[in-house]
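Engineer: Sequence:
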Amino acid sequence: MQAADVWGSRWSSTAHPLSHRFMEAAVEKQTLVVLAADLETTAELVQLINQVGPHIAALKTHVDMVEDYSKEAWRDVVEAAQDTGCCCLKIESSQT
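So our numbering is basically just the index in the sequence shown, starting at one, shifted up by 11.
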């Protein structure tokens, strides 16, 4: 079944691509679970995503808590999320 069919009017009234990606992951995995995890390193985030990514729709983390955060290191986190089919929500202090 397609995400648009499952989500109906929510799908059609949502324009943001990340929202659609979350809806697709939720349908594909049959879960609405979003794991909130604030870890100290990108390696720890990658390891966690590799372990639980296949079973969750999304992972949310506060990057200001990640000691080795950089755009380059973050690419590994995003790649792990993409490989496991989950969304990765990056929250920064200025966004909260």
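Treat the hints loosely; a few may be bogus.
Said to hold, decoys possible - Within a straight-line C-alpha distance of at most 30 Å, the following computed DSSO-like cross-link-like pairs (lysine-lysine) qualify: (1) Lys-101 x Lys-40; (2) Lys-71 x Lys-82; (3) Lys-82 x Lys-101; (4) Lys-40 x Lys-71; (5) Lys-101 x Lys-71; (6) Lys-82 x Lys-40.
Unchecked claim - DEER-style ranges, computed between Cβ atoms: (7) His-66 x Ile-102: 20 to 26 Å; (8) Ser-105 x His-31: 24 to 30 Å; (9) Ser-24 x Pro-65: 27 to 33 Å; (10) Gly-19 x Asp-79: 29 to 35 Å; (11) Arg-86 x Ala-15: 25 to 31 Å; (12) Ala-84 x Val-45: 39 to 45 Å.
Derived by calculation from the structure, the hints in this document are not laboratory data.
This structure is a prediction, so every number in the text was calculated from the model and none was measured.
Here a beta-carbon is modelled for each residue, glycine too, at the ideal position from N, C-alpha and C.
Engineer: Would you mind confirming whether the straight-line C-alpha gap from Lys-101 to Lys-71 stays at or under 30 Å?
Structural biologist: 6 Å, holds
Engineer: Between Lys-82 and Lys-101, is the straight-line Cα distance small enough, at 30 Å or below?
Structural biologist: Holds, because 12 Å separates the two Cα atoms, which is no more than 30 Å.
Engineer: Against the range 29 to 35 Å, how does the distance between the Cβ atoms of Gly-19 and Asp-79 compare: consistent or not?
Structural biologist: Since the Cβ atoms of Gly-19 and Asp-79 sit about 42 Å apart, the hinted range of 29 to 35 Å is violated.
Engineer: Keeping to a limit of 30 Å between CA atoms, is the pair of Lys-101 and Lys-40 held or broken?
Structural biologist: Holds: Lys-101 and Lys-40 sit about 21 Å apart, inside 30 Å.
Engineer: Check the following: the C-beta atoms of Ser-24 and Pro-65 are separated by a distance inside 27 to 33 Å.
Structural biologist: 29 Å, holds
Engineer: So does Arg-86 sit 25 to 31 Å from Ala-15, Cβ to Cβ?
Structural biologist: Distance hint for Arg-86, Ala-15 holds at roughly 30 Å.
Engineer: CA of Lys-40 to CA of Lys-71, is that 30 Å or under?
Structural biologist: 17 Å, holds
Engineer: Quick check: does the Cβ-Cβ distance between Ser-105 and His-31 fall within 24 to 30 Å?
Structural biologist: 25 Å, holds
Engineer: Hint says 20 to 26 Å; check whether the CB-CB distance for His-66 and Ile-102 agrees.
Structural biologist: 21 Å, holds
Engineer: Taking 30 Å as the top limit, are the C-alpha atoms of Lys-71 and Lys-82 close enough?
Structural biologist: 17 Å, holds
Engineer: Take the C-beta atom of Ala-84 and the C-beta atom of Val-45, compute their distance, and say whether it sits inside 39 to 45 Å.
Structural biologist: Given about 22 Å between the Cβ atoms, the range is violated.
Engineer: For the pair supplied as a hint, Lys-82 and Lys-40, confirm whether the alpha-carbon distance does not exceed 30 Å.
Structural biologist: 28 Å, holds
Going down the numbered hints, you'll see the structure goes against 10, 12, while the others check out.
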